[in-house]
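Peer 1: Each chain is listed here by its residues.
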Amino acid sequence: MYDFTYHRPESLAQAIELVSAKCEAKLLAGGMSLLPALKLRLARYSDLVDLKAVSALEGGRREGDKLIIGAMTKHAAVAASEVVRQAIPALAVLAGGIGDPLVRNRGTIGGSIANADPAADYPSSVLGLGATVITNKRQIAGDEFFTGLFETALQAGEIITAVHFPIPLCAGYAKLLHPASRFALVGIFVAKTNAGVRVAVTGAGSSVFRFADAEEALNADFSPAALDQISVDADGLNSDIHASAEYRAHAIVVFAKRAVASALSR
Amino acid sequence: MHRAATSTRIGQPVPRKEDMRLITGKGRYADDLNLDGQAYAAMVRSPHAHATIRSIDTKAALAVPGVLSVLSGFDFLADRLSPIPNKTFSVHPAEMPLINTDGTPAFNIPDYPLPVDKVRFVGEAVAMVIADSIAAAKDGAEQVVIDYEPLPNVTFTVDAAAPDAPRVRDEHSSNVCIDAQAGDAELTEIAFRKAAHIAKIKTWIPRVAGSPMEPRAAVGEYDPQTGRYTIYTCSGQTLRLRRDLAIVLNVPETNVRLVIRDVGGNFGTRGAIFAEQPLVAWAARRVGRPVKWTSERSEVLVSDYQGRDLAVEAELAVDKDGNFLAMRGSNVGNLGSHTGNFSMVQKGLEIMSSIYRMPAAHFRARAVLSHTAPTRPYRSSGRPEVIYVMERLIDTVAHQAGFDRVELRLRNLVSQSELPYKNPFGMVYDSGDYIGVMKRAVELGDWNGFAARKAEARKRGRCRGIGVANYVDTATGIPREKAKLTVYPNGCVDVVIGTVSNGQGHETSFAQLINEWLGVPFDMVRLITGDTDVVDVGGGTHSGRGMRLGSIVIWHASNKIIEKGKQVVGLLLQKSPSEIGFADGQFTAQGGPVMSLAEVAAAMNARTDLPQELRGPLLAECDETVNDAGFPYGCHVCEVEIDPEMGFVEIVRHTTVDDVGKAVNPLIIHGQTHGGIAQGVGQALLEHCFYDASTGQLLAGSFMDYAMPRADILPFFTTEISEVPSTTHPLGMRPAGEGGTTPALGVVINAIVDALSEFGVTHMEMPATPERIWRAIRGKPQRSRIVPDSIEQEISLR
Ligand SMILES: Cc1cc2nc3c(=O)[nH]c(=O)nc-3n(C[C@H](O)[C@H](O)[C@H](O)COP(=O)(O)OP(=O)(O)OC[C@H]3O[C@@H](n4cnc5c(N)ncnc54)[C@H](O)[C@@H]3O)c2cc1C
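Here the protein sequences line up with chains A and B, keeping their order.
In this text, residue positions in the first sequence follow the numbering used here: the first is 372, and each later residue adds one.
In this text, residue positions in the second sequence follow the numbering used here: the first is 35, and each later residue adds one.
No lab work stands behind these hints, which were simulated from the structure alone.
Treat the hints with care, as some may be off.
Said to hold, decoys possible - Result set (DMTMM-like, lysine to aspartate or glutamate): computed pairs, CA atoms no more than 25 Å apart in a straight line: (1) A:K410 with B:E613; (2) B:K172 with A:D374; (3) A:K410 with B:E597; (4) A:K410 with B:D66; (5) A:K410 with B:D739; (6) B:K236 with B:D726.
Stated by the list, open to error - Using C-beta positions, here's what the derived DEER-type ranges look like: (7) B:D567 with A:S577: 34 to 44 Å; (8) B:P81 with A:A591: 17 to 27 Å; (9) A:S577 with B:R812: 19 to 29 Å; (10) B:P555 with A:R379: 50 to 60 Å; (11) A:Q510 with B:R487: 29 to 39 Å; (12) A:Y373 with B:S791: 28 to 38 Å; (13) B:P81 with A:S382: 37 to 47 Å; (14) A:E522 with B:P81: 21 to 31 Å; (15) A:R415 with B:P81: 17 to 27 Å; (16) A:Y373 with B:S89: 53 to 63 Å; (17) B:S728 with A:S382: 49 to 59 Å; (18) A:R415 with B:D136: 48 to 58 Å; (19) A:S594 with B:E792: 52 to 62 Å; (20) B:A745 with A:M372: 58 to 68 Å.
No residue lacks a Cβ here, since even glycine has one placed at the ideal position from N, Cα and C.
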């Protein structure tokens, strides 16, 4: 790890000031993605601005037909939250299936989506539920947020403060586990909303994407069987030592069905 | 079922006395030691699988604040240090020797801890930076400029054996270090001509990481006054390591003190000297301060010795009734970049036919160099590989010819009346009840109830399969061991011995021996190991030798203590020693206790009227060379369920019966079996040191990609111990540390293939990942990016 100056602001305003003052400053949330990169010397920053003490960023609540989760809310807290379990149980399931207990007790929703790992779980829920990402500057629609491999619409120094999830009629999440890290080799978030069905796929491409064929089929008939005739082209999907593109293409359909079954079981 | 211990004697499941220390962070591992003024080393490692080192420029690194020194192989040579010696073969008299078919000696070339000519695997240490802090050392390491000229590389075993493969050593005309034959070609040929059925297999047992919980570490210290080095490190041995360190450092052995305290796992991949051990000692001399190096997990994966990596082609000939007639084939073991140890090929081959009656056999065995990390014996060195091959062959022929898998095995197992039995490679199995143990395992695993469980699983959409595998291990290792026992007047006993616990619980099981033989309370026994200032003879812990040899020398030394005590008591009571008895820590006369062991020790210490040889501390030594091998064996049954939609496999039952001859501590043995199963299952389903064939890069270079088995993929095991005394051990003991692993690869794969047989699947390569199973079910070649294509293609052709 290279040397850096550590800051621990107690308010959002202070945090904003710190990140914008230094051009090489980086926000630190749970550190579960950032710290390994620093330890391996894959990244170098002059300053780290730790958001841990900014208490306004932590916690979740329901407001009408929205579930609001603060950026610094830990995966374990989302998994255990009664509010989340009532409003969007699939989101609690998703959070409870991230990594291992150590990761879940430090990693945060804001860090996860800002990091935009192609195999991360949360991005599928942001896209799948059509959530809105709230930052210190603006509101970003879930459909616009993820722009590529580890890339988002966030600007330098922009801080995610919360994510607003519209509450769907029902939703389900199912993932094919990476055998070592437990990230998603393929993760499917399915949501049935008044505006139609949304299906988001993580782990299979350079960034989370929507699965239009499945959405269409599920709009006609929201049941696993509706996906029986659907197939996915392996071309362009991720391929690595743990799963080929061909296997991922198959898994997308299987896990979409499993996500639908899970959505229907609640 | 586990019962509670009723005493602390031999045979009791006594909870381990070291565990509270180890699980509450009070273990003293090599990295826990910090010496005054200590500096830190960081290694500069090769990014290339194969490249010429054109130059090493250390200027910029030396300019980094805090950097004290930057050392390369050129400095090593300038300081007249020596390469690391290899111990290529086991020379144990019970072992089958491997000899080159053309009569030439095997190719063996010592390793330099830091090479000067070429790098030969990704992760090989090329230079060492010593600094005031780890951070400064790493800063410095980044600034070392090495000019490499990349060269073509070869990583896959079978490819490395090809005559036109990129060569690892210019000194040798090919990568093949030994090309030997074993068995009788002519007899085998004749037997094959008579065969009614022939089963064939072509397979590769992939390479895996040892993954000890404690990463490698070493602290070196040098005293210029005495010219003596002290090295604190983790290892499975003391005296051979000290000898090797002295050779490399070019000093007499007495100028090296080696200290090994708690060790967090060995499994063989940490059984031999590694480059960083002599390097920190040398660095300490160079910078005049103690130097510490601790590897990170990614360094563990990339530069620890690795295990397995054997390619096999084999055939089994069977007559019309199912009697085994002969087997033949060829094994190629991948040594990695150094000619370090040929055990995988030697120790595997000699028991290729396992415990089955095999009238004839003939095999070719080769060990090849490749541009990968060096391999070493890994838990049950060479045996899990060949047991897997044998058990796959049996299932294959059973399937081909319609034999019942259990009956076919029972028919061919060597019966008790045939023992001792000499196998076709010349190994002599001592004793055992192979048939009884197999029958018990099949019963315990409820083989007969399987059909009903399979039908029930079918209703849930799962394909259920069952497999069985027998195994044998050859336990040899360094034959000499020594124990020294001292009884103190307060009743405590110190045991100094040359074995090293790597987590196996020696403090507990060895104390049970003393409790049994000397009646000394379990808590009053102290085990002292791992410091060459105290331990002067002994072979360490490998090849099932810890308890097997430890028990013999402790037993003989205990008897000497008793004999000495009887003489003392005899003198004090004016009786002949033959009238004195000993039981439960008390010397007896005329049936009643007269003096305790502690009182005798006190008398010997205090009294001046005893003869010279009975004055002083009550101690005894036994230094013995044991040239017999031990043959633990057993039978495992595994049951799996497969989700055919995705190829997920779940192990639902795993049943083992292992014969350990005599169980000193069944609790520890069950624990060894559990861990051993996990390691075997890890290899069968998950683990793989995946080297990219084109670049030679290790793609599974962290635990984010290298998949370890976890508790949630394993069922509760049913483990049972059998105790048919070994006839090659005076106390009847057989080793018990490797039985969980040895048959695991074969039994798991057999169960998977059984589950998939309805889809026409006849074989499954390892690791049997969900994708591979999914492909097999759909009749696709099992090919995935998990395995080099050549093997995969062959399999799909059959
Ligand atoms: C062993 C292991 C297993 C894992 N398994 C999974 C898994 O199965 N599924 C999964 O989804 N993830 C997994 N992860 C990743 C984990 O979920 C991380 O917690 C997450 O990716 C990052 O969150 P963090 O809070 O730790 O962020 P950090 O690591 O602190 O930061 C990550 C990035 O986000 C930026 N950032 C953080 N907070 C904000 C903010 N409020 N606004 C703007 N930018 C911000 C940081 O600057 C940094 O660039 C795993 C991680 C580990 C170590």
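Peer 1: Are the hints correct? Go through all of them and say.
Peer 2: Verification of the supplied hints:
{"no.": "1", "hint": "A:K410 with B:E613", "verdict": "violated, 71 Å"}
{"no.": "2", "hint": "B:K172 with A:D374", "verdict": "holds, 12 Å"}
{"no.": "3", "hint": "A:K410 with B:E597", "verdict": "violated, 61 Å"}
{"no.": "4", "hint": "A:K410 with B:D66", "verdict": "holds, 21 Å"}
{"no.": "5", "hint": "A:K410 with B:D739", "verdict": "holds, 17 Å"}
{"no.": "6", "hint": "B:K236 with B:D726", "verdict": "holds, 22 Å"}
{"no.": "7", "hint": "B:D567 with A:S577: 34 to 44 Å", "verdict": "violated, 59 Å"}
{"no.": "8", "hint": "B:P81 with A:A591: 17 to 27 Å", "verdict": "violated, 53 Å"}
{"no.": "9", "hint": "A:S577 with B:R812: 19 to 29 Å", "verdict": "holds, 27 Å"}
{"no.": "10", "hint": "B:P555 with A:R379: 50 to 60 Å", "verdict": "holds, 54 Å"}
{"no.": "11", "hint": "A:Q510 with B:R487: 29 to 39 Å", "verdict": "violated, 56 Å"}
{"no.": "12", "hint": "A:Y373 with B:S791: 28 to 38 Å", "verdict": "violated, 56 Å"}
{"no.": "13", "hint": "B:P81 with A:S382: 37 to 47 Å", "verdict": "holds, 45 Å"}
{"no.": "14", "hint": "A:E522 with B:P81: 21 to 31 Å", "verdict": "holds, 27 Å"}
{"no.": "15", "hint": "A:R415 with B:P81: 17 to 27 Å", "verdict": "holds, 19 Å"}
{"no.": "16", "hint": "A:Y373 with B:S89: 53 to 63 Å", "verdict": "violated, 27 Å"}
{"no.": "17", "hint": "B:S728 with A:S382: 49 to 59 Å", "verdict": "holds, 52 Å"}
{"no.": "18", "hint": "A:R415 with B:D136: 48 to 58 Å", "verdict": "holds, 57 Å"}
{"no.": "19", "hint": "A:S594 with B:E792: 52 to 62 Å", "verdict": "violated, 29 Å"}
{"no.": "20", "hint": "B:A745 with A:M372: 58 to 68 Å", "verdict": "violated, 31 Å"}
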